[in-house]
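K.L.:
Chains as they are written, first to last, in numbering that gives the first Met the number 0: chain L, 0 to 348; chain V, 0 to 499; chain Y, 0 to 370.
Wrong hints could be hidden among the right ones.
Okay, the calculated bits of chain Y under chain L, using three or more residues with CB under 8 Å as the criterion [stated by the list, open to error]:
1. 77-91
2. 230-239
3. 242-254
4. 265-278
Mimicking SDA-like on lysine to any residue, the simulated pairs with C-alpha atoms at most 25 Å apart in a straight line are [to be verified]:
5. 87/Y - 113/L
6. 292/L - 322/V
7. 234/Y - 320/L
8. 292/L - 346/V
9. 292/L - 396/V
10. 198/Y - 156/Y
11. 322/V - 57/L
12. 337/V - 235/L
13. 322/V - 146/L
14. 337/V - 239/L
15. 322/V - 209/L
16. 288/Y - 62/L
17. 281/Y - 73/L
18. 281/Y - 187/L
19. 322/V - 137/L
20. 204/Y - 69/L
21. 214/L - 389/V
22. 337/V - 215/L
23. 103/Y - 169/L
24. 306/Y - 171/L
25. 214/L - 366/V
26. 322/V - 335/V
27. 337/V - 227/L
28. 214/L - 344/V
29. 292/L - 395/V
30. 292/L - 355/V
31. 198/Y - 170/Y
32. 292/L - 344/V
33. 288/Y - 179/L
34. 204/Y - 187/L
35. 281/Y - 65/L
36. 214/L - 365/V
37. 292/L - 366/V
38. 322/V - 73/L
No wet-lab data here; the hints were simulated from the structure. Computed from a predicted structure; not experimentally measured. We treat Cβ as the ideally placed atom computed from N, Cα and C, and that holds for glycine.
For reference, the chains in residue letters:
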Amino acid sequence: MSDSKTYPQTPAASGASSVPQAAPAVRPPRAAGFLSSMFGSSAGRILPVFVLIVAALSLTANDFLTVDNITNVLRQMVFVSVIAFAATFVIGMGGIDLSVGATTALTGLFMADLMLQGVNIYLAVLAGLLLGGLIGLVNGLLIDRLGISPFICTLAAMIILRGVVMVYSQGVPLTGLGFSEFQWFGQGSIAGVPVPVLAMVLVFAVCWYLLYRTKYGRYVLSIGSNREAARLVGIGISRIQVSVYVMTGFAAALAGLLLTSRLEAAMPEAATNYELDVIAAVVIGGTSLNGGKASLAGTAIGAALMAVVRNGLNLLNVNTFWHQVVIGSIILVAVSFDALSARRRAKAS
Amino acid sequence: MRGITKRFGATHALRDVDLTLFPGEVLGLVGENGAGKSTIMKILSGAYSKDDGDIRIRGEAVDLRGPAHAQELGIAIIYQELSLFPDLTAVENIFVRHEKCRGGRPWILSPLDRGAMRDRTLDLLREDLGVVIDVDVPVSRLSLAEKQLIEIARALHSRADIIIMDEPTEALEAEERERLFATVRRLRDAGKSVIYVSHQLDQVVGLCDRVTVLRDGSHVSTAPRDQVDVASIISLMIGGSLEEQYPTLPPPAEETVLQVEDLTLARDFEKVSFAVRRGEILGIAGLNGSGKNALVRSVYGIRPPDEGTVTVAGRRVTIRSPKDATACGLAFLPAERKTEGVFTGHSIRWNLTIAGLRRTSRLRLRREQERQVTDRYASELGVKAASGEQEITLLSGGNQQKVLLARWLAVDPEVFLLEEPTRGIDVSAKADVYRHIADYARRGKSFVVVSSESPELLGICHRVLVMYEGRVAAVLDAGEATQELIAHYSVQRAEEAADE
Amino acid sequence: MTRTQRSTRRTRLRTAAFGAALSLVAAGCATSNQASSASGDAKAGVAAKCDVTKEGNVKSSGLEAPPTKKKGQLRIGFSPTAMDTYYKRVLAGVREGIDAAGGKSKIKLDVQAPSSQSATDDQVRSVEAWISQGYDAIAVALYNENALEPLFKKASEKGIPIFTFNSPVVCSPYYVSNIGYDQSEGGRAQAQWIVDHYKNKGTVKIAMLEGLPGPHTSERMRGFNSVISKYPNLKVVASQPAGWTRAQGLSVTENILTAHPDIDILVALYDEMALGGLEALKARNLQGKIAVVGYENMSEANAAIKKGDFAATVDTGAKQEGRNIISTIEKYVADGQRVPRTVFDKVTVYDKTNIADFNPDDYVYVPPAKK
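Given these sequences and hints, build the entire structure.
P.N.:
See below:
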């Protein structure tokens, strides 16, 4: 088309129809580039909903915007967030992991059991984290080598692992975990910031770096965008795919560590429905279930949104029966808002 | 159609275009990408609304309210991307939304009259199109040509008398193409009007009664067939004369870069050997199913060969995956740009640098370097875009193809395996692609070009290897090769030909 | 206007404003209207429909399977709503009951717990299997009072007596006996303990952790409110669901403490939630300063009372419930005697004054040899 800009052409190569243009090609300003890579375009869309709800809550609940309460919300969103950050990779790759909640429960239980049997605290923690990675590895290998659909594979894993949790625990929580080294993970703080919150920030930073600043992240999203094309440009899909599931398994185990330490008990029914909360957080954040695009900051906002709503319901002492209705509606509204503004944007361009 | 104008934002996609279609004629519609061909067809089929101008059908002014309304008025469009449901049968596809039901007033739960629908389908295909197609299997199992015939049957079933075909022969082999032309002529003789949109100018000239040329959203000329030829249409399309479409080829060096010996892949090809020298462009011709695509894909490790050896730059290599192939200095440009080439939703930069990332040993991405590489190759190949950050699917096919080519140029491999490198791109982009291939051949790169367009192979290849039923039928030098010879060997083996 | 009314008004206003903000989003959802307590209206409806909670009041319908005088080994199916600490204790009682009845040669027990509390369909499957295998008696804990009704009917028609346990509201005409304790009595006991210790202490602010909505929650809340509402100085300032779990007990308590940092008492309808709440208190160094009143007398709660972290908890006689199940079944199936429609055991409140009286043996199965 006549008004489209053209890359500067070498005199020899300039075709008859190209419009000569001063070099170099127009580039978006740096700040915008940073913001868009930080939030992704879709996270930018979910932000207004989040701000609106935060504003509504700070007007209605006096205690909402206090340091104390914000710390609470941060602490409460840690468990889902940590998993959701890793799950952003899986979903961005076009996969899904439904086994994370069960992995969280099982690894927490495993760590607790080892500690109660007198294993060194740090060894027990390490073993639990490795177990999470191992569960992810098995998931990943089954999905990759046998070509099972990730949904079915991790669904089966979820059911099996929940069963293993019941067999392992006999339905009874493991308690008596008052070891101070262990308590530190879930209850300690560094310079006034709770350790779990620091862990969440750290996981976010690592994931952000991996996703946006490394070849690894580029490959993960390329696989999600067009798996066949990714294979044809020579990306080793198998290893990346498996590694992503290892990552979610590991993150689930990390959540298991933080949760168990926070409660000083490993509960068989811990982390029930976490997989759904995780998917909700990732999708609210603007990552497409079809893969290809992922927004880590969006995921963080998604997780925060759900934590904030639950917190708000408690602060306002909203009738029990309404809780689920409100949470579900807010998820729906958040994604509708996102879809609508995406459509408006598409129309405008 | 008179004075049709369409704006997208500040851009005039169409400016005051007139178009007349008579009953019982085939009108060719040509123009470069972005000339407005698709836009005017979308307006006629109700997918877009016009900003100005009027449309009269059979003398009556109409205001198209949408695709359904256009269908009611007897306008059917057959898109480039086939719009069939792959898992449904021919019968089910043809009757979608027009299902015949048993009993009186049909509603959503009425029992379907499957027999009647099947009979009608066979009737349509046999009587109106003169073909026999298995109507009981999912259409995904049919060939492309058969799918297209089913689309046409669908159009006929909805009693369309204006049929728009957008780039219908793009994916067809010579034989299927001829069958399609016969069908179009038959439709014309039955009094239907066909608008035939295509980049294949020789076909347009051969088939159409009149040819309309669009350029930059404006109507340039409409002339009967006997007053135009390919060269004159090209000059009308680009608004000037095109330099030689095919570049002059530099002679290749002596050194062999890619040597393939006795390569076999069960059921696809058997004991295929060939060699490519430094700076050489080797063409591979053959019908669909001759194994020509399977061969390059196998060399590239997509489906590794069962037997045989591959030597790259003097080194025997074992290639079990595309990853291995890239490590050995091979590059591959797939024919299916949309499904196998571009990363939808990502920028030109992303798409252009993705293959090159493997070569940097560092984990960390270096954006500045990526931008430099993108800018360099995009400008070298003349990619038309606002910036390297523009999303790739917003580019025209030709520009997308240039980005995909640049993806591999930036990696600096020894041998390029190209499948249908100019499929679906316009004339000047084609010339650009040819020029860049020749250019890189001059710099010592080697190319294997698989194509179903014989003129293209003759124009840019030093030698053409013709495949037939999984074996090499002949290897022709540029000097001796002709379209007739290629066609000849495509249907029989050299020794059989000699026996005659 | 009293302070109570004012504070309620404020809560409502805030809630209304939040609701208005939400309704931008959640089309017309009326979170604001009944913001005070979860349970009030719902359980009133249930109780009016079918008031079987008064001990001994309920007559048998005649539709249940008749008593029998079976000889030889009895096969009993036993289905709790989940396998957790509470039901383990019940099961310990059941096993002691079996020992008392003559051991495994007399009674063969099959235990099948659903995989999660809400998986009623799992429970349906095991009960169906027992019916088709012609068991001699089936004991079921109900999460939802109506879910198993068709099965009860089928079993009774086949002559298999149905016994329910730890089930707050049972309306079915088909069961023989409901064994357990009065859930509302548990709530009343919690409230009575608060009344005894705080009625003369001026304004006392109470926060409640409810379970998942359902009959257990509503019955306990009903009992609690019936006592506490008579004392205007004892005010429930927040009442929120915490899903019966420790993790939610923790986060909900944190949130409640933000809105109401000045609460005096934290009441939980289950010790698990109370223990989660205790974690929240510990993080703020409030353990022992805010009185925690739990429910169930789990061993951890028991220890917490001894340590001073918990003020009180309600023991619902889980092990005795187990013994009662077996003795009732035995009486009905083997001895051919009629049994009361409701077999309720008493509930006991433990605090630091009497916690030493509790026999830890009551948590576990004690083999006959040890007695």
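K.L.:
None of the hints should be skipped; say for each whether it holds.
P.N.:
Going down the list of hints, with the structure as the test:
{"no.": "1", "hint": "77-91", "result": "holds (count 6)"}
{"no.": "2", "hint": "230-239", "result": "holds (count 4)"}
{"no.": "3", "hint": "242-254", "result": "holds (count 8)"}
{"no.": "4", "hint": "265-278", "result": "holds (count 4)"}
{"no.": "5", "hint": "87/Y - 113/L", "result": "23 Å, holds"}
{"no.": "6", "hint": "292/L - 322/V", "result": "23 Å, holds"}
{"no.": "7", "hint": "234/Y - 320/L", "result": "21 Å, holds"}
{"no.": "8", "hint": "292/L - 346/V", "result": "12 Å, holds"}
{"no.": "9", "hint": "292/L - 396/V", "result": "22 Å, holds"}
{"no.": "10", "hint": "198/Y - 156/Y", "result": "53 Å, violated"}
{"no.": "11", "hint": "322/V - 57/L", "result": "54 Å, violated"}
{"no.": "12", "hint": "337/V - 235/L", "result": "21 Å, holds"}
{"no.": "13", "hint": "322/V - 146/L", "result": "19 Å, holds"}
{"no.": "14", "hint": "337/V - 239/L", "result": "23 Å, holds"}
{"no.": "15", "hint": "322/V - 209/L", "result": "22 Å, holds"}
{"no.": "16", "hint": "288/Y - 62/L", "result": "21 Å, holds"}
{"no.": "17", "hint": "281/Y - 73/L", "result": "18 Å, holds"}
{"no.": "18", "hint": "281/Y - 187/L", "result": "12 Å, holds"}
{"no.": "19", "hint": "322/V - 137/L", "result": "24 Å, holds"}
{"no.": "20", "hint": "204/Y - 69/L", "result": "24 Å, holds"}
{"no.": "21", "hint": "214/L - 389/V", "result": "20 Å, holds"}
{"no.": "22", "hint": "337/V - 215/L", "result": "23 Å, holds"}
{"no.": "23", "hint": "103/Y - 169/L", "result": "22 Å, holds"}
{"no.": "24", "hint": "306/Y - 171/L", "result": "22 Å, holds"}
{"no.": "25", "hint": "214/L - 366/V", "result": "11 Å, holds"}
{"no.": "26", "hint": "322/V - 335/V", "result": "19 Å, holds"}
{"no.": "27", "hint": "337/V - 227/L", "result": "10 Å, holds"}
{"no.": "28", "hint": "214/L - 344/V", "result": "18 Å, holds"}
{"no.": "29", "hint": "292/L - 395/V", "result": "22 Å, holds"}
{"no.": "30", "hint": "292/L - 355/V", "result": "21 Å, holds"}
{"no.": "31", "hint": "198/Y - 170/Y", "result": "36 Å, violated"}
{"no.": "32", "hint": "292/L - 344/V", "result": "7 Å, holds"}
{"no.": "33", "hint": "288/Y - 179/L", "result": "23 Å, holds"}
{"no.": "34", "hint": "204/Y - 187/L", "result": "30 Å, violated"}
{"no.": "35", "hint": "281/Y - 65/L", "result": "20 Å, holds"}
{"no.": "36", "hint": "214/L - 365/V", "result": "10 Å, holds"}
{"no.": "37", "hint": "292/L - 366/V", "result": "18 Å, holds"}
{"no.": "38", "hint": "322/V - 73/L", "result": "43 Å, violated"}
The structure does not agree with the numbered hints 10, 11, 31, 34, 38 stated previously, though it agrees with the rest.
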